[in-house]
Amino acid sequence: MSEGILSLTVNGDTTQLVLSSSRTLLEVLREDLALTGTKHGCELGECGACTVLIDGLAVLSCVTLAARVEGTEVTTVEGLASGSVLHPLQDAFAELGAAQCGYCTPGMLMAAKALLDAEADPSRSDVEQALAGNLCRCTGYLKILDAVDLAAERLR
Amino acid sequence: MKDHAVVGRPGPRVDAASQVTGRTIFAGDLNLPRMLAGGMLQSSQAHARVVGIDVSAAEALPGVHAVLTGADLPVAYGIFPVSQDEHALAVDKVRYVGEPVVAVAAVDGETVERALSLINVEYEPLDVEITIDEALVAGTRIHGDGDGDNVHRRAALEFGDVESGFESAHLIREDVYFFGGNNHGALEQHAAVAAAGHDGRVTLWSSTQVPHYLHRTLEKVLEMPASRIRVIAAPVGGGFGGKTDPFSHEIVAAKLAMVTGRPVKIVLSREQVFYAHRGRHPTLMWVKTGFDPDGRITAMHFRSFLDGGAYGSYGAASLLYTGVLQTATYKIPNYKFEGVRVFTNKPPCGPKRGHGTPQPRFALECHLDEAAADLGLDPVAIRRRNLVVPDSITVNYLRITSCGIEECLDKAVAASDFSTKHGALPDGKGIGLAVGSYLSGAGLPIYWNDMPQSEVEIKVDRGGGVTVFSMAADVGQGSTSVLATIVAEVLGLEPADLTMVTADTDLTPVDLGSYSSRVTFMAGNAAKEAAESIMGRVAAAVADELELPVDGVIAGGGRVGADDDDEKSLPWADAIQAAIVRGGPLVGSGSYRAPDLAGPYRGSGVGISPAYSYSVAVVQVDCDRETGHVGVEKVWLAHDIGRALNPLLVEGQIEGSVYMALGEALLEEQGFRDALHRGPSLLDYKMPTFLEMPPVESILVETNDPEGPFGAKEVGQGPLLPVIPALANAVHDALGVRIAEVPITPDKVVAALRDVARGGGGHFGPQSVPDFDFGRLTRVDPPADFQP
Chain A
1 MSEGILSLTV NGDTTQLVLS SSRTLLEVLR EDLALTGTKH GCELGECGAC TVLIDGLAVL
61 SCVTLAARVE GTEVTTVEGL ASGSVLHPLQ DAFAELGAAQ CGYCTPGMLM AAKALLDAEA
121 DPSRSDVEQA LAGNLCRCTG YLKILDAVDL AAERLR
Chain B
1 MKDHAVVGRP GPRVDAASQV TGRTIFAGDL NLPRMLAGGM LQSSQAHARV VGIDVSAAEA
61 LPGVHAVLTG ADLPVAYGIF PVSQDEHALA VDKVRYVGEP VVAVAAVDGE TVERALSLIN
121 VEYEPLDVEI TIDEALVAGT RIHGDGDGDN VHRRAALEFG DVESGFESAH LIREDVYFFG
181 GNNHGALEQH AAVAAAGHDG RVTLWSSTQV PHYLHRTLEK VLEMPASRIR VIAAPVGGGF
241 GGKTDPFSHE IVAAKLAMVT GRPVKIVLSR EQVFYAHRGR HPTLMWVKTG FDPDGRITAM
301 HFRSFLDGGA YGSYGAASLL YTGVLQTATY KIPNYKFEGV RVFTNKPPCG PKRGHGTPQP
361 RFALECHLDE AAADLGLDPV AIRRRNLVVP DSITVNYLRI TSCGIEECLD KAVAASDFST
421 KHGALPDGKG IGLAVGSYLS GAGLPIYWND MPQSEVEIKV DRGGGVTVFS MAADVGQGST
481 SVLATIVAEV LGLEPADLTM VTADTDLTPV DLGSYSSRVT FMAGNAAKEA AESIMGRVAA
541 AVADELELPV DGVIAGGGRV GADDDDEKSL PWADAIQAAI VRGGPLVGSG SYRAPDLAGP
601 YRGSGVGISP AYSYSVAVVQ VDCDRETGHV GVEKVWLAHD IGRALNPLLV EGQIEGSVYM
661 ALGEALLEEQ GFRDALHRGP SLLDYKMPTF LEMPPVESIL VETNDPEGPF GAKEVGQGPL
721 LPVIPALANA VHDALGVRIA EVPITPDKVV AALRDVARGG GGHFGPQSVP DFDFGRLTRV
781 DPPADFQP
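Here the protein sequences line up with chains A and B, keeping their order. The numbering of the first sequence is our numbering, which starts it at 1 and goes up by one. The numbering of the second sequence is our numbering, which starts it at 1 and goes up by one.
Excised from the complex, chain B in its bound form (with noise of 0.2 Å):
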């Protein structure tokens, strides 16, 4: 393999000069002339029936350009084909509080705001469904007539024979776990701009993640063409998933603007954002395990109960991640999977950072910790003993090519002196250890299609300026700065030379989004094609040119020729000129499509990734028994990243994973009183600070994925998911209490420590789940090549 110039190499965001002079241009920062301001009424009730919707005051009121209900948008929509069940303001009932009922766009927002409160809605309450047990049993159904249980989706999968896998098992444990929700809480507020013309055209610009999956929606919600919609992702400040569903206000404010004629902003509200939600929903797992006496897994059956919300959103799939990726660290011979998700009258949840597997990573992981202890083992000893192997399959069809868990076990063991520290530190301190993985990239589109995932395109002209079409949104991940770098690479440029356009469906051909860490990977992989197809022809014509063999030719340092010899080369502008001499105007393209992974039966279309990453976090603690608090001395980060593009930044999303995990171990809970949320604010819904933030060890495994452009997978979301667990484990270490809930605040954790004071185990956290019918089980063979 030829060194590479850009690749590995640490080096600036090629936006990062624009960030830091505040030129970078945001959603919210457009300002386009006569534009107006535009904001929702958002429901006051959790579950009722909207009888009536008064807004003649509102539309008299000097200032109010239009006044829009659910009767002037009827379509619903959702981000799943199978979850149609949103309308971008209320039609007929509404399920939360907080839910967009009637929108108003006028000259400023204060008059929005007057015009909002001139509104009256009539609501005829319904009964309201706010805990998992309410929605199981029957009540007032949130979605359909009638009574009935608020189920949304449920799963019943087995792989292999549990009962004969328990039935050789030496030690059978069974543990509960809760996991509380929380938010992204993504600095900038989600805020959309939209303007239309008399040409029947209208275009938007938003702060999304997906811009391909919103111009679906537009096209669906607005009965227009797609052709004649236009969606821009405007940097997005901040997304973690958060900016990953079509939200009302983006549907709104296109609306609005073609109904006044004038362009229209709408910026939620920090409380909006709270109450928009998406986030991690609130799961209840049960996970029992049988092991072999040195600590093998024999079987292990898993059942999570996840709190949905009031509406599907990304659901269906995150129903099924909290029970595919078990798998994917662990060799698991029998394993079956139960789950449910249902709809409460809260704010609907979806996917946040690790989507659906940071609550099951969580339960798995201080799960192996408590039988280790049974087992007399050491929590290394027992992972240790269970890992995947690279190039193997996994009992539920997961295909494991690179695998670098083994290393990354080693080293951040080494690195903190784990083995040496545990169960050694004194009174008050711990350190925890744990492993998880995750998808470079969902193996599959979020609607069934045929087409790449990826494309991209690259045009240079007749200067020798490069420019890159890509509609991958940087979300703060960097994905600009990736592509910029791989096609660099394969161009001998420098990231920095080129011009970068991503994230317009006018201008950039399709890439299905930033979500499920698939942008490095899959618009990495197409970016790649696309500069090595320009690469052939510049290459052809240097060889014709300069009379070399065209094998020898590389692009280097801004010149084009013989590898050995300087002076058989050309500068890029010349060498990109003869190739336009001989071929015309110098454009190439490139695709990725995963390969088809999925396995034979229903619902493995979710947890394939045609590569996984490898982590392990350890984490060390200072616990005060008196107060309860948990402080984070240091946390150490093992990563297989395949292969760094930016180490700079690989750093930089280990650290923020490590940071996000942090606050959802400790402090962040997206908590209700009821149906009204406890704190929608940024002082109430407490946030980790500098002060709060310890340090981070980040510890690079290079395994070279087969597939992976330049041997790279994702880093952006696979961190975050040891980090919770691996702390929790320190508490235990620490305090000899098990906090089986997350966030573990102070006063669960005084809590647990009265519990052993009064001679108890020192367990905090739910003693049972629901016993409740999953309904028909799919059982499915292993793999024929499964090795057990």
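Next comes chain A alone, as it looks inside the complex (with noise of 0.2 Å):
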């Protein structure tokens, strides 16, 4: 397996690392940044737990080899946030009660910023095609729901 260096822009932080090249983007963020809110219920791409932001797109990072994103800007559920104000997604999932065990939380979010960011105005349907990709045990999905509705109306 070959290493490389490799500058990595996660949250806004650049770092430098020696990777070895088959390492994947969720192995990097949870054991080298230690970034462990991005999550994993598979590492086979199927449940979107490991869910973050490349680029602004919504990305699996369980599937996604670390040196393939050199050169651009990772977000994860640490990067939500602004300082200590919450994205309106985070204070909608906490006050919905979206997150029962908060597993595929971090993922849920990331998916949905990808939407809001790309659609303000997104229908119920709309939120469904662009979640249906992550999975969630607890809740039956419907406070989430909920909570992506509300978020929407307060970022409008």
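Facing chain B, according to a computed beta carbon distance under 8 Å, are these residues of chain A, among others:
#, residue
1, V77
2, E95
3, T105
4, A132
To be clear, the hints were calculated from the coordinates, so they are not data collected in a lab. No residue lacks a Cβ here, since even glycine has one placed at the ideal position from N, Cα and C.
Now that you have both chains on their own, put them together as the hints suggest.
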């Protein structure tokens, strides 16, 4: 496995890392950068728990090689709030009970952010389509839909 | 009753802010200095003798720090005292594909994988038993030596006299049903991190629902005093019963940490989660019921056959649970239950949300709809004629106190307009109904003892800070928030004011764990008592300080004093200081033990509970006759919660239960091709996504339980139960076919429709159950105060 020096920009901070080319972005975020907010539920791109943003687009970090994201802006759940001010999605998820165990929540938030950044006034069906790749076993999704609606309204 | 400030108010979880910022630290998120990675080699064989294990190449691999085999952990364990049949790593034999055989700790995950690939295990294959039918007849024993059947447990109980009940019946109906097994599918893969010092102590962080039982297991298997073992349940990323057994990776992580002197982390892969399993038992059921001309039940005979997989787990209870709660919803004057759980060479089954009761609930509620049609009754009428009533006892000695089953039925029927729609929707559309009931905590602990089932301690510091200590593990259901709500209510504070310390065997007093929907009721009562003991001292001190009668002192809005005069009150911090001045350190404790409710027969410990919740589900479907696809349009779910401590969390449990039930009803099956899982991945194991989830109308019925904390009962499991049969009944209403087997997949619907086209009755499912001797029947006289 070849190794190389990689420059990664995550949540606005740029870090130089010596990495094997086989490392996934998920592994590098969690193990090298201690950004454990990003979760894993399958490590095969099937559950959405590892969703992060790459240049604003929702991407599954478990099936993305870290080496492929050099020169991009990666955003994780740790980069969602502005300092001590939560993003409206975070506020809405907390207020409306959209997180139960909270394990899918970081990925869900990032997928929802990608949607709301692209579409300020999504229909319920738009939200369902955009989040359909993110599994949640606790909530039945309904309070997540309500939270995304509320956040979208507050962002408009 | 005074108005409550916090109880009954919808509010966010106390840990919501950390959850939405990614700051909640799950077990797999822990990274300790010098931590090693751990992993396990799993059996490739379904049933075999382990003849030899060669670990020399793995041990020699640079970066490997330890290799363990079954010889290093020889002590058997199991969650039930009667089922001590597991080993952390296989000893002598493997009993299912995926069973852990060898463990490795190494510098990183890649080295672990390489080391595992260098291990050579020599197996001598044995005959494999896969099905219930195979297990019931003589073959190679999975447990024990030689040949014989593979029966794990059997039960045969009769309450009253079913034969005379059948003799007096106007209609007798018999049906057979099958409920496929399924997995919990919690999104968090099981994870454990262990650290051991040179002081002879070991600490284990784990995604466990039961830190206390895990603590006891480690004491036994590691052969160490419990006082030197610390178990911390990290926040659990979904449990649903799947993290309620002590697991081999937990024991192995602790042992590897002790052997290497370095922290060790083991995270199961998703495939390993499917093989670790402990999910819903595949269950074959036969039910025979007699009815009088008005639809009243005269007798019921219920038989269940459970496919237990390779180990006991909770199976001794799971078996009895398939036979006990039929009477919790319907007055059954004569009732007979016979059941058997078998061992098969598949991953062990165990408790999943509803533990052993969703399967018979599916059978019973479909069976009642069939009987209603035979009798010319509608589904509501036949149920209404048989409902249990509050403050009664069942024929099998379940004590029923608060009971909102009728109100749930009325409200669900009214909200859904069921009576107008049933039998009247356009072809392909249908509506179905079912009821259910569940325990608010198992009445007895898993191991026999007379100690409390929940204890809570509270400490108040001089600045007024309140810290609540409880071993209850938050598995996403919000138990920590529920306890905070209860304590805050008593102390006149807000839940967010409290510091919650939970699920740590060094710091927190025992709670038996997050299973059987017990925490709100049991830990909640303990928390209430602990808070009241604090409040008693604070009220006395404030009364003394302000010269008030002590029984007129109340707490609210962060003040303590006269209920009718704000001038005569103290801020919380001053009030607690007055108490400390008068009585020293301000600490309090409370505990809860369920009343002794067991009936006069062996097996009566399963099913008893201090209170039962009730649920009624109505499901409306839109089916495609061509493809057999069943789309769910809407679900109405009325639930007797006793008292909703936090309606937002209650609704969340109802919606999540409906979701999980729909997954089981339509999609999910832990299926096997011989001994191999059909698809141990989240792509192959289909779970409902946003696109499959229908709207849910939750209807809360409050019956104010006399023994629940502020009247509360359970909500985590009960609402799942009626949804699955309500869906099956809706499919019948839509298409005229009876799918007597879960999951109700399109192929089964199409097969039943083809049967109709050929002139058949449109039935899909098993036709018969095996002929089996359930053993000596225990006859039990009904309770003296039983009212048929």
